[in-house]
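2 protein chains.
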Amino acid sequence: MHASSRVSALRNIATRLRIDSVRATTAAGSGHPTSCCSAADVAAAIFFSEMRYDPRSPQNPDNDRFVLSKGHAAPLLYAAWAEAGIISRDDLVTLRRFDSDLEGHPTPRLPWVDVATGSLGQGICAAIGIALNARRINSDYRTYVLLGDGEIAEGSVWEAAHAAVHESLDSLCAIVDVNGLGQKGPSLWNHDIDAYVTRWQSFGWHVIAIDGHDMDAILSAFDEARSTKSKPTMIIARTVKGKGISFVEGKNGWHGKPLKKGEEADGAIAELETQFVPEELPAAQPRPRSIPRPPAKAPAPLSPPSYALGDKVATREAYGSAIARLGTNDERVVALDADVGNSTFSEKFEKEHPRRFFEAYIAEQVMIGAAMGLAARGAIPFPSTFAAFLSRASDFIRMAAISNSNIKMAGSHAGVSIGEDGPSQMALEDLAMMRAQPNMTVLYPCDAVSTDRLVERMAYHGGPAYMRTSRPKTPVIYGPDDDFHVGGLNVLREAGGDEATVIAAGVTLFEALEAYDLLSKQRITIRVIDLYSVQPIDTATLVRCARETKGRLITVEDHYVAGGIGDAVAAAVAGHGFSVHRLAVREIPRSGAPEQLLDYYGISARHIVDAVTEGRRV
Amino acid sequence: MHASSRVSALRNIATRLRIDSVRATTAAGSGHPTSCCSAADVAAAIFFSEMRYDPRSPQNPDNDRFVLSKGHAAPLLYAAWAEAGIISRDDLVTLRRFDSDLEGHPTPRLPWVDVATGSLGQGICAAIGIALNARRINSDYRTYVLLGDGEIAEGSVWEAAHAAVHESLDSLCAIVDVNGLGQKGPSLWNHDIDAYVTRWQSFGWHVIAIDGHDMDAILSAFDEARSTKSKPTMIIARTVKGKGISFVEGKNGWHGKPLKKGEEADGAIAELETQFVPEELPAAQPRPRSIPRPPAKAPAPLSPPSYALGDKVATREAYGSAIARLGTNDERVVALDADVGNSTFSEKFEKEHPRRFFEAYIAEQVMIGAAMGLAARGAIPFPSTFAAFLSRASDFIRMAAISNSNIKMAGSHAGVSIGEDGPSQMALEDLAMMRAQPNMTVLYPCDAVSTDRLVERMAYHGGPAYMRTSRPKTPVIYGPDDDFHVGGLNVLREAGGDEATVIAAGVTLFEALEAYDLLSKQRITIRVIDLYSVQPIDTATLVRCARETKGRLITVEDHYVAGGIGDAVAAAVAGHGFSVHRLAVREIPRSGAPEQLLDYYGISARHIVDAVTEGRRV
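One line per chain: the protein sequences are A and B, in this order.
Final position of the first sequence in my numbering is 618; the numbers increase by one with none missing.
Final position of the second sequence in my numbering is 618; the numbers increase by one with none missing.
I should point out that these hints are in silico values taken from the structure, not numbers from a laboratory.
Identical chains blur together in the list; that is why a pair holds if it fits in one copy or across any two.
Derived pair list, reagent style DSS-like, types lysine-lysine, alpha-carbon separation capped at 30 Å: (1) 260 - 351; (2) 351 - 229; (3) 521 - 550; (4) 351 - 312; (5) 297 - 351; (6) 351 - 257.
None of the values given here were measured: they were computed from a predicted structure.
Kindly generate the complete structure, drawing on both the sequences and the hints.
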């Protein structure tokens, strides 16, 4: 048993959290008060008994961390902060207002939020990255994550289940708030606590089932979790949705509904106020911590890569070499992969820095989620897989953008140029997926030197970034002194009287250079641009080239026509009245030899020549 | 024990499947022979003892079905077909060639393939849909799905695990080929059979662990699966990668590598040939079935919807009403949702047709995967959730496009117009995701009438389709006689001397109409287009309008700027030299009131007015 005074204080905090959650959502006119009420006792225990954190210093690297995976219970989180003195209690009623950072679901606009949540099943994946980071920085901080029962149906949760066990993350403690009700009706397993216990046990977690409204049981469970070694702990908390407000308790149809201003809300608050218990001690406080740490030393810049002009090196292989070198210079760099490290060449990093490499197996969601968690705590993570399979983590990438997460993704095997494996392995929509996010940096190098240089650039450019690499070997065309930067491009062929500007990147850049040679024989010159930075894009140079080449811009890309390089260039130059002729893949492709496919789908040198000369005749 | 003659015949088939897999991959110079060899005994048993199917009639609705979730073992599948006489054995060596339908991973170009596989963890989700379809058509056919051990790490597999149990799918039998090796090294649980057994048991499956090379054990397992009622069966088959070829058996480093032509391949085949055993009976044959069924009756067209001009109805609600009405007229229509049926309004369908509604809970991957399986067997599935959360199934949508799957997706709560819930719930990249697929129909109605009409159009337009719906109520602007079709648009305002063409859809259409009214007061007229079909797009009308309105096209959309309506229109008119002024969301948004957000992010009537008048001054 825990000291009754401590329990009483925490119970009163839980009641205040419920009252604040009701007040805030009623003021907002929307939100999820019943989902807050079910988790209020657990939240009180986490924030005012269990976690060690300094409320004045969210960036303290040794703070215990909390992730609200059930992001719709945001008002509960904000109420806990108010209780801890992190924000003013008066601010709580600004919930969901345009002029308030207390958004409908938590985002890292708020310094205590590591990752945006609200897309369910993601917070637990981020928590794994946060826990892995503790190991990276040799900290004993613990990571707590609160899930709803509805989100347990998400596959990503089970990716997290195996990853946490594989990494023996005993500093990770998850809690499921089993209130039994989803949005539309009962959740998948309703209040069948055993359904949760057996599943999580079978995945290798230490599992504790409790009454989530019994403060003594909650505290004991956290004690037990803290003393559990070599495996993560899952606390299954049986709760009642809307707990404390009798007319909504356990009732369906109250998900995401605030109590109405006036009688309804006032009645609920009055009822909650009757639940305060006598306290013998002042209210519980967070347990602050302050461990002095030496300042991190600045990393050395990379030396120029040692590729020779004409060497044939796949950009995916150059990527692997670059992150391995970068990892040597900068201890913050970590890499993750999804069982294809021998294809993406992240295995080069693993070989050099095995303690900073995380194998996610074939589970792309937890790979990106863990990368988000690592990034939130100061690591510079490079997760990689086939570009096609990054689409598996598309919703995580969306949330990473909302979080402005500092993750550096790499996708290999882009486009039809992979050849025989066929369309399931070809990324032809990855540029569309990545470009859609307005804060995403999108890089697409064509050779080993530019890959190497851009890996370093993306590492130190803030926010989410993506590098697209290719399967085939391509010749090195750049020297050690060539410059590359986020938002740049290189004009590789340029002359007075150029007939058109051909804009390419990656494998198609070599098709463009071949087209240049073919056209030269007809005494036609074209301008050739290597658009290695697809987003941001160098609008000024594109517009200048358009003006200098009769207004004719031709893009050629190993990607579907929608959302790729053609669209990026067109959007950039639209304000200047130019339009773009797009050469791109326009149908679902099939297996075949790479050259055969480039030609069949209309993105080979021959098609560029045709586009230049046909346009000329018009 | 099974008759030894039957066992001998099947063992010999397995040996032939191995030899054919080696021959084909060696001829192709790429592929995964070792992943075929581990599963050859199981495949022989499935195709020549267990499954009932008519090899001459892939479309027989009562055939048992097989899904190769580990799609990289395609040569094994093709070899089984050759053995069954479905294709010629001589064709096997055309594997992966551009002129062959025997692609690197199976696609539905081949009539026995229901869904494309090759992105791991998807086949089992499709198998759930195929099994659900048996229930829909009152057939006793059984569904078999073969998984690799590596793909068990995918979260989607665990979504399937709970969905199959929730639906009590005892006609579903899954087999994991536990060869212990992934691409890069040992799989997550290697040969720890117990790790598989406990997990699948905990999820409620009937689990049978066997030696996957013991034909008698394989046949017994299938017998047991067939007699298991009310739950699906999972057979955990312990196997050896490269089984039968001593110099690769169980060795790491042989994933996705063909044997070299000459000594290496010849030696392997010679060794396999020594493994033939004496047979007392002729080779096993498929067990054909032919159950007469009456032809399906053609569905009646929908009567016109009964909305009155000016009614305020959210398009999401009109969507729910439309699929419910459609379901009454056409028994093939089914609906699926991910716990938000009271937001997407698919609950209207559920209420009318509960037996044809499938609740996937918060598990979007298995929802789309099951829809693909249902579509493959003749259903017309409408899966729905918040549009933002369809991104969770992005890789499934990619594979649905490769499969040209007849699924009809609906995403609600698009854009910043959802308001207070904040960015995690706002779909702002769904058009980019959907448009990227070249065969995807993308519809975006603005009112209840057009929604109703377009639901019917999308149902009977072949291939994958997506409808974007909105949260706010919008006024009905169309009457019962207005026509809508895939690839169409409506010109709502048109006059001689129009200053520009404003192209909008969904909620922004009303901003455009308001801008029209505001500009009219300044005696400026604009053309206003309702672009309800974003893909395909009516290029001819857009070009005509551009020509008639001084070449000025302005798009306005509740979507990020990349990949949406602006890009779609720009790509359509580029060949005619027109460019497009795009009004779209250009940064990560935040919580706020809908009108506030539309205005702040630059897509309200005021911004349209500015774009028209500023352009005019230039």
